[in-house]
Amino acid sequence: MPFSLITRERFFGVGLIIPTLLFVSLFAFYPILYSMFLSMHRILLSLPGLGREFVWFDNYIELFHDKVALHSTINTFLFVALTTGFEILFGLVIALVIHERFRGRGLVRAAVLVPWAIPTVVASQMWRFIFNDKYGLVNFIFYGNHVRSYTAWLADPFFAFGAIVIADVWKTSSFAALLILAGLQIIPDDVYEAARIDGASTWQQFTRITLPLIKPALLIALLFRTMDAFRVFDLVYIMTQGGPADSTNVLQFYGYKKMFAEGLMGYGSTISVLVFFLTFTISLLYIRMIGSGLMREEA
Amino acid sequence: MKVDKLMWKSFFLWSLLTLLMLLFPLSSCTNKEHAQKTLKFVTWKPNQPAVWEEIYRIFEEEHPDIHIEREVGPHSSTAFHDLLTQKLKNKSTDVDVFFMDVVWPPEFAAAGWALPLDALFSQDRQEQFLQSTILANTYEDHIYGVPLFIDSGVLYYRKDLLEKYGFNAPETWLEMVSQAQKIVMEESEQGNEIYGFSGQFKQYEGLVCNMMEFIMSNDGSFINNDTGKSNITGERAIEAVRFVRDSLIEKTAPRGVLTYQEPESLDLFIQGKAVFHRNWPYAWEISNNPSKSRVAGKVGIARLPHFEGSQSYAALGGWQLGISTFSEKKELAWKFVEFLTSQRIQKLFAVKSGKAPTWKALYNDEDVLKANPHFKSMKNVFLTAYPRPLTPLYPSISNILQRYFSKAISNTDTDIKKEAEDASQEIDRILSMTQ
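Chains B and G, in that order, are what the protein sequence lines are.
Here my numbering is used: the first residue of the first sequence is 1, the next is one more, and so on.
Here my numbering is used: the first residue of the second sequence is 1001, the next is one more, and so on.
Please note that the accuracy of each hint is not assured.
What the hints assert, rightly or not - Pairwise CB distance ranges (calculated):
#  : chain 1 : residue 1 : chain 2 : residue 2 : range
1  : G       : Lys1251   : B       : Glu100    : 50 to 56 Å
2  : B       : Phe54     : G       : Gln1311   : 31 to 37 Å
3  : G       : Val1072   : B       : Ile118    : 22 to 28 Å
4  : G       : Asn1168   : B       : Arg148    : 25 to 31 Å
5  : G       : Glu1193   : B       : Ile118    : 46 to 52 Å
6  : B       : Leu50     : G       : His1142   : 16 to 22 Å
7  : G       : Val1072   : B       : Phe206    : 37 to 43 Å
8  : B       : Phe233    : G       : Val1072   : 20 to 26 Å
9  : G       : Leu1383   : B       : Lys67     : 52 to 58 Å
10 : G       : Thr1172   : B       : Leu50     : 53 to 59 Å
These are computed hints drawn from the structure, not numbers from a lab.
Note that the structure is predicted; figures quoted are calculated from it, not measured.
Note that CB positions come from ideal geometry on N, CA and C, so glycine has one too.
Use the sequences and the hints to build the structure in full.
The structure is reproduced here in structure tokens:
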């Protein structure tokens, strides 16, 4: 045997990693790097005569002067803040409820997950009907048979934005609940018992025991939801197409329009790269927070 | 030793798996024999599928060796464009024949996606078609598509209601608004809830068509023909936009029109909830079909109104057939295109589905006119329908216009002038790329 045991084990380890690495490179690293490469070109599909001019960071400079991009970035951040905030809040409430023991809990747990299991496209179409100005459920609830006062929710820039937020919160709160529930289940019962013996109120138990102990789960839910919310596309595509008055235009939708409708491959990629860096930075921040949180737990 | 063996075994297995997964998608392309006789047609979901079925049947009966395989795309022009260009961008051989909206030929031509048809689509044959439709398919002196249907904006109205109040079809927009107001008021006193107008004002391509008609019928335009630059900041154009915002939306039309594409707006009309309705010619058959419409037989059709001192303009729409540059069966593809756009098949479409043909002679055809009596008076509207800007960068310009118009008409306190200036700058920047 020419190699020592340790060397051979290293080889073995590398051998196991290589296939995965190949896969990840092919399906994650390559597209990301290629997007960055494209984002430094001026490519107009409808004007192939211009060729693929390498323009360094021109697209990025243009992006920073693009009012529509700025507007959709603000929209995206607003969407992320509102949806993740509400989703974590509702997720926590749902998780606390379905963590309790009661008759029919299994059924409730399954029912809670239904919105999350519906494909977003279908859910968006459903919410579009719910907010419809002539036969929508929202109008029926508010105005009943007073058809004359029915409001066209999706025709109003403010309410249209609210509508996509509501649709997203409805759809994914249960996903947050699922993650938080997992966190709740690892808290041992005797901690609560000890607290009760010491005379802690239910509220004190919640703020002093439950919340600190599910912090990692909360952060993970937050991480997943933030990254997901940044990529919001289908809701906008189905419900509003970015309108009215561009009020629901978000970054991913804007990038999609640039790339697929207008054929600006370079500029569209620039927007994708921006979205990538935004989510990447935010997830790094979260991961640091989760890491430090876990470490304190162990200490 | 044991570790080594395991390592190589697992490495080998993993690599094999990886390879298999990579090769798998490729293996489906090898079945050439069968593909030879199949033509791939990218189309949208038709309003009257039965007519299409009949036409496919005729073609396959006459050409038993060719099978038409349809790929049905979304009905929305914008969504269909995304699907189709995605395939063409990838030089997919999976597309032989495809539909093009009237605004696409310059883009498809410049991008090298649509095959130039000069050799196949003879000059003599071209002369049989309405001229505006041929122009829309021509880019830098080559022809890239064969027009199948022509569309142009027209005004539908409730004949019964206008007669009841002693009105004729309105000539000007102001006249239309005042007629609508009177009818809506009197009807609602009798308990009949109805709106004055319905059209397409969602932030999408149809908004551009609708707004172009308002602007041009006020002597405005999108692009200044002399300078080749954006003209939407012009006084006349802004006046027309302001009219739509201040006199139509929420006053004559329900605010919901800001979310309407064609189907929703037509729905309002055929439910008997709108006095006036702007749409394309296909709405005639549907609104007069008693099984679909509550106002069948009570519908009138007229050219669109205009502003005082100007004249009517209708946006040119319509669908063309193109052949993909990447098709491996271009000759078969032409056979199919020639068949679909032939006089007899266009006649069938016109008689059975109310689609307006592009073949000139059909506007004097007795059967066509019997099924579509309005074609006689509408022929001039079709002949004068005005195209949207003919440039390969039209999708970009359309997106800018959609944003601008939607902003301008959704809020009553928007500074239209300023929004127009912003949009105008963007349009000029895009236009300068082509020069």
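Tested hints:
For the hinted restraint 50 to 56 Å between Lys1251(G) and Glu100(B), the CB-CB distance of approximately 54 Å keeps it satisfied. For Phe54(B) paired with Gln1311(G), a C-beta distance near 50 Å fails the hint of 31 to 37 Å. Our hint of 22 to 28 Å for Val1072(G) and Ile118(B) holds, since their Cβ atoms are close to 24 Å apart. The beta-carbon spacing between Asn1168(G) and Arg148(B), approximately 29 Å, falls within the hinted interval of 25 to 31 Å.
Checked against the hint of 46 to 52 Å, the pair Glu1193(G) and Ile118(B) fails, with Cβ atoms roughly 34 Å apart. For Leu50(B) and His1142(G), the Cβ-Cβ distance of about 20 Å falls inside the hinted range of 16 to 22 Å, so the restraint holds. Evaluation of the 37 to 43 Å hint for Val1072(G) and Phe206(B) yields a failure: the beta carbon distance comes to about 55 Å. The hint said 20 to 26 Å for the Cβ distance between Phe233(B) and Val1072(G), and at roughly 23 Å that hint holds.
Leu1383(G) and Lys67(B) have their C-beta atoms about 41 Å apart, which leaves the hinted 52 to 58 Å range violated. A hinted range of 53 to 59 Å is violated for the C-beta pair Thr1172(G) and Leu50(B), which are about 45 Å apart.
Checked against the numbered hints above, the structure breaks hints 2, 5, 7, 9 and 10 and satisfies the rest.
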